[in-house]
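Peer 1: Sequence:
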Amino acid sequence: ITFFTDKIGRKTPIEKYVRMRVFTDSVTIQRTSYFVRAIQYGVDLVRIVHLNIHPTCELCAPFENKILSIQGDTEGYITLAEAEDYGLFHPNCDHVPEELELDPTDNGGEGEISLNDKNKKRYEYNKKKSVI
1 ITFFTDKIGR
11 KTPIEKYVRM
21 RVFTDSVTIQ
31 RTSYFVRAIQ
41 YGVDLVRIVH
51 LNIHPTCELC
61 APFENKILSI
71 QGDTEGYITL
81 AEAEDYGLFH
91 PNCDHVPEEL
101 ELDPTDNGGE
111 GEISLNDKNK
121 KRYEYNKKKS
131 VI
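For the sequence shown, the numbering used here assigns the number 1 to the initial residue and increments by one for each residue that follows.
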């Protein structure tokens, strides 16, 4: 096997696919363990930061350095699940919750998210996919 072929027929060299998959799963595990620990401590708000391993893409840009609600317990903040529907934490995404500040304070507008066209398209795609 030299290529991985996705659902729409794109071929990716197997080495590149495996590197992407391992990176994605590693960061996903890191995020999930952080969210579980935050929930255990009663923390609902997290700031999303960029590890700068890859350039920020259009899907992640609206969420960078913004505060999100983990479970939706804090009114006025978009939830992680909603952000994921809009494209945050996609494969190869290197955005994580800020680990230095468990309960961030909003210094003005950090909970306001300005979505772009790519986010809206991803949201529509995810909603159609969840209905099927």
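Hints listed in this document are in silico derivations from the structure and should not be mistaken for laboratory results.
All values derive from a computational prediction rather than experimental measurement.
Note that the Cβ used here is the ideal one computed from N, Cα and C, for glycine as well.
A few of these clues could be false.
[As the list claims (entries may be wrong)] Label-pair ranges, simulated between beta-carbon atoms:
1) G9 / K118: 17 to 23 Å
2) N126 / S33: 22 to 28 Å
3) G109 / G9: 19 to 25 Å
4) K121 / K16: 41 to 47 Å
5) T74 / T12: 38 to 44 Å
6) A81 / M20: 21 to 27 Å
7) T105 / R10: 41 to 47 Å
8) T105 / T5: 43 to 49 Å
9) T74 / Y125: 26 to 32 Å
10) D117 / D73: 15 to 21 Å
11) N126 / G9: 29 to 35 Å
12) K127 / P91: 17 to 23 Å
13) T74 / D6: 22 to 28 Å
Peer 1: Next, verify each hint and record whether it holds.
Peer 2: We went through each hint and held it up to the structure:
1. G9 / K118: 17 to 23 Å: holds, 21 Å
2. N126 / S33: 22 to 28 Å: Holds - the Cβ-Cβ distance for N126 and S33, about 24 Å, lies within 22 to 28 Å.
3. G109 / G9: 19 to 25 Å: Hint violated: Cβ distance 42 Å, outside 19 to 25 Å.
4. K121 / K16: 41 to 47 Å: violated, 25 Å
5. T74 / T12: 38 to 44 Å: holds, 39 Å
6. A81 / M20: 21 to 27 Å: Between A81 and M20, where Cβ atoms are some 23 Å apart, the hint holds.
7. T105 / R10: 41 to 47 Å: Hint holds: Cβ distance 43 Å, inside 41 to 47 Å.
8. T105 / T5: 43 to 49 Å: At roughly 47 Å between Cβ atoms, T5 and T105 fall inside 43 to 49 Å, so the hint holds.
9. T74 / Y125: 26 to 32 Å: Once the Cβ atoms are compared, 27 Å apart, the range 26 to 32 Å for Y125 and T74 holds.
10. D117 / D73: 15 to 21 Å: violated, 30 Å
11. N126 / G9: 29 to 35 Å: violated, 21 Å
12. K127 / P91: 17 to 23 Å: Holds - the Cβ-Cβ distance for K127 and P91, about 19 Å, lies within 17 to 23 Å.
13. T74 / D6: 22 to 28 Å: violated, 37 Å
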